[in-house]
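*Asks:* Chain order of the listed sequences is G and P.
The first sequence begins at 77 in this note's numbering and counts up by one.
The second sequence begins at 77 in this note's numbering and counts up by one.
Calculated from the structure, these hints are not laboratory results.
Note that the Cβ used here is the ideal one computed from N, Cα and C, for glycine as well.
Be careful, since some hints might not be right.
According to the in silico footprint, chain P covers these stretches of chain G (three or more CB under 8 Å from chain P) [claimed, not checked]:
1) 120-126
2) 236-244
3) 301-313
2 protein chains.
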Amino acid sequence: MPERAIGVFDSGVGGLTVLKEIQRLLPSEDLLYLGDTARVPYGTKSPATVRRYAQEAAAFLTRRKVKMLVVACNTASSVALLELENHYNLPVIGVIEPGAKRAVSVTRTGRIGVIGTEGTVKSGAYTLAIKKLAPDADVVALPCPLFVPLVEEGWLEHPVTRLTAEEYLGPLRHHGIDTLVLGCTHYPLLKNVLQQVLGPEVILIDSAEETAFAVAERLQRQRCVRDAAAAQPPQFFVTDVPERFQRVGGEFLGRPLPKVEQVCLD
Amino acid sequence: MPERAIGVFDSGVGGLTVLKEIQRLLPSEDLLYLGDTARVPYGTKSPATVRRYAQEAAAFLTRRKVKMLVVACNTASSVALLELENHYNLPVIGVIEPGAKRAVSVTRTGRIGVIGTEGTVKSGAYTLAIKKLAPDADVVALPCPLFVPLVEEGWLEHPVTRLTAEEYLGPLRHHGIDTLVLGCTHYPLLKNVLQQVLGPEVILIDSAEETAFAVAERLQRQRCVRDAAAAQPPQFFVTDVPERFQRVGGEFLGRPLPKVEQVCLD
């Protein structure tokens with residue numbers, strides 16, 4: 077088992093931020109990454125549809141004998157995690173619980189903001205996860221549907237992005253939050269603008285790093301850490317043609333992507 | 077044959093603008109509408125993937141014995157029309173040719189702008205269709221990826237939308253176009269902002285109305301016009317759960333949507 081790879085999936089490129097952190101923390105682990113680019117985004121789709129897509133992604137990765145599944149997508153983690161855990165006899169790590177844990181550990185006032193896709197916010201998964209750890213926390217969760225297309229457009233510090241952030245984050249600023257969970261893997265790319273709009277005193281939580289810690293901890297607990305000097309380069313799979321994934325994904329990963337293979341899930 | 081319904085499909089709600097015009101022009105025709113909401117959008121996906129989705133949508137509608145297929149999606153019309161025409165023994169009407177025809181008939185200077193999704197613009201379909209009718213036309217086509225999410229967010233006259241339009245349309249204004257083809261079924265909802273940014277002298281072409289004329293003309297030519305006082309209400313099908321389609325679709329159609337049925341294509 078320890079020799080097997082870790083399987084990571086997301087609706088598209090966003091989960092590469094999680095992959096990057098896992099690589100940094102666990103350089104000996106082999107990684108498979110699947111981006112469901114033919115059906116991206118998940119954030120505007122119903123829980124039932126996202127569950128079906130997550131099941132198909134998990135089935136693809138488990139056929140390749142992974143030792144662990146990482147759901148590197150907030151929307152899929154929000155609505156499909158329990159089902160995947162029940163269905164597969166494997167550790168399944170999502171991005172919600174690690175982010176919630178971190179938010180609870182850094183907040184001083186207990187006023188925590190969460191931003192995410194429509195699907196993530198509607199699911200209430202972050203509020204539930206935070207309240208489980210800190211029942212008195214005051215959580216405000218808001219959907220920010222334009223942030224993903226703005227990141228994909230590359231307008232990371234554009235006036236349009238700033239104006240959009242002011243509109244979306246106004247109620248959170250008004251609420252006096254001291255911590256903001258970036259509940260979508262695209263949002264860390266907007267950190268500069270978000271920090272400027274909210275002010276330097278608000279702490280931004282990026283689930284990617286926390287999720288990598290959760291992965292490392294679980295591997296250790298299950299005695300599944302790979303004992304090797306260095307891993308193979310990650311293998312990348314997508315469901316649409318690779319060009320766009322390679323182009324946008326390179327920005328997420330901070331370096332060019334190697335060969336990406338197109339596969340069919342449905 | 078004349079008694080059969082017309083089948084209309086789009087990636088989501090946008091094609092409802094086309095359905096609305098067909099209903100207005102041909103009130104006796106029965107209509108089936110399919111929105112592929114589980115896989116929306118098509119505009120960022122590859123031609124091969126959009127072709128596969130269009131084939132599946134067409135297969136669904138033809139199983140229901142329609143007399144004509146209307147591809148009420150610019151991206152699918154750009155890359156899949158010919159293939160659908162070759163595959164089905166039915167008239168297939170797309171939205172590109174009607175829009176191109178109208179643009180050529182109204183331009184005075186021959187400088188025509190086209191805006192659309194990444195997929196539509198990359199395909200070059202509008203430029204080709206316009207040049208076929210007016211070889212000397214000077215066509216500039218530009219992708220505007222944020223317009224669809226802005227419409228879906230309901231920010232039809234928001235400062236963010238205006239700023240985005242100024243950024244996208246700057247090169248077209250600079251080029252001195254006198255006609256702009258709205259090459260995506262979402263864009264007519266942004267008419268006010270687009271007109272303000274471009275100035276009143278630029279003519280905006282909405283393919284929906286032109287497509288309805290093309291449908292009427294083809295039905296007459298094939299002697300397939302339905303001879304009845306009034307049609308049944310249209311039947312609506314979607315591939316994700318209907319709630320979001322019903323909510324956003326109501327704004328496109330200008331009235332509440334009736335019952336919408338969820339179906340599976342893949």
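*Asks:* Establish whether the coverage given for the region 236-244 of chain G by chain P is satisfied; the threshold is a Cβ-Cβ distance below 8 Å, and no fewer than three residues must meet it.
*Replies:* Answer holds; 4 residues pass the 8 Å Cβ test.
*Asks:* Between the region 301-313 of chain G and chain P, see if three or more residues pass the 8 Å beta-carbon test, and mark the coverage as holds or violated.
*Replies:* violated (count 0)
*Asks:* Is the listed coverage of the region 120-126 of chain G by chain P valid when you require three or more residues with a beta carbon under 8 Å from a beta carbon of that chain?
*Replies:* Per the Cβ count (5), the hint holds.
The structure is inconsistent with hint 3 alone, although it conforms to all the rest.
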